[in-house]
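Top line first, the protein sequences correspond to chains S and R.
Here our numbering = 1-based position in the first sequence + 20.
Heads up: the second sequence at position 64 corresponds to 59 in our numbering, and the numbers run straight through without jumps.
In case anyone wonders, no lab produced these hints; they're calculated from the structure.
Mixed in with the good hints, there may be bad ones.
As the list claims (entries may be wrong) - Where chain S lies over chain R, by a calculated footprint (3+ residues, C-beta under 8 Å):
| id | stretch |
| --- | --- |
| 1 | 28 to 38 |
| 2 | 63 to 74 |
What the hints assert, rightly or not - Some chain S residues judged to face chain R by a derived CB distance under 7 Å, without partners named:
| id | residue |
| --- | --- |
| 3 | Arg46 |
| 4 | Gly50 |
| 5 | Gly57 |
| 6 | Gly62 |
Even for Gly, the Cβ is constructed at its ideal location relative to N, Cα and C.
Here is what each chain is made of, one letter per residue.
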Amino acid sequence: MPGSRHSRFASLHDVELCTHAATGERRAFGELVRRHGSSVRGLLRRMGAQGAEADDVAQDAFLAAFERIAEFRGEGTFAGWVKRIAARAYLRRLQKERRIGAITAEQVDVDAEGAGGDAEGRIDLDEALKVLGPAERICVTMCFGAGLSHQEAADALNLPLGTVKSHVKRGLDKLRTRLAPADGVALEGRRGNG
Amino acid sequence: MAEVEFERRLERLFGEAGELPDAAQFAERVERRLDAGWTARRWLIGAAGVVGGVIGASQLMMSNVVQRVETAEDSARLLSTGLTHMTPRTDWMAAVSSGGSVVWIAAAMAVLMMGFVLTRVIGEI
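Next up, chain S with everything else stripped away, as it sits in the complex:
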């Protein structure tokens, strides 16, 4: 019964599901997609992919992950592993469609495009990312969302390491400014508790 198999898989840990998937058990892999599909799609959207495109790349990334599931040794998280596959797949698509050059060259004036916050001045990450230029957004998301090192991001983007580092630095500076109010709230909260 498919239902009972789904429920059986629902109680398993990601690593156990990967072991089942490695034997060709597609329902086990389906459970992994159910668990981590949204975070992979979210990452691609944060990298700048539009809804349908993000979903296409995420699907391809999961299919590629299924093909290469034996390579996953459980050293990191399954989600992190798929995110790296998805991030690289998205960059390959950008390169194939010759959009990567435009993205890495483009700059956005931070002050001209302010991100909207809520009444308390708090803004979420997605809103904060909007103030970043496309290259900064991709570099920051690859390094902090997909967990790639600066060197890995530079290799994937075909950019010099120094360029990636400066994109990340500029991106972090902008994010720090945008996310600062929440920092303040969090710190005050911690002091209050301590």
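Keeping the supplied structure of chain S fixed, place chain R upon it in accordance with the hints.
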């Protein structure tokens, strides 16, 4: 220090992606594509096995196998006659000398084997 903390916080924020409303449909789409890929692969492997078997069989038929079988049959007969004079007859030797059917069975098994090996190789790829 503050920088490291901020980076950790950023990683945490990236990790806290909420579930999208169509998460279940997305998973179903991926599963459907996995199933479709699996079915296509099974058909491909089966077809490759059949083609491999047919090619193997046709190669055997085209390489004057009938003539060779007849020659082998004669040789086997001669050999068996010679051996009968030299050693006591055994069941094994009787089976070999019983005619071309053994060769035909071996050929058929070779074809099956080729098909099987080809299927496995493609399966592994």
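Structure-based check of all given hints:
1. Counting residues of the stretch 28 to 38 of chain R whose C-beta lies closer than 8 Å to any C-beta of chain S gives 5; at least three are required, and the coverage claim holds.
2. Counting residues of the stretch 63 to 74 of chain R whose CB lies closer than 8 Å to any CB of chain S gives 0, so the stated coverage by that chain is violated, three being the minimum.
3. For Arg46(S), the interface hint holds, the least distance from its beta-carbon to any beta-carbon of chain R being 5 Å, beneath 7 Å.
4. Interface hint at Gly50(S): satisfied, since its Cβ lies 4 Å from the closest Cβ of chain R, which is below the 7 Å cut-off.
5. A cut of 7 Å between beta carbons decides the hint on Gly57(S): the least distance to chain R is about 5 Å, and the hint holds.
6. The closest approach between the C-beta of Gly62(S) and any C-beta of chain R is roughly 4 Å, which is under the 7 Å cut-off, so the hint is satisfied.
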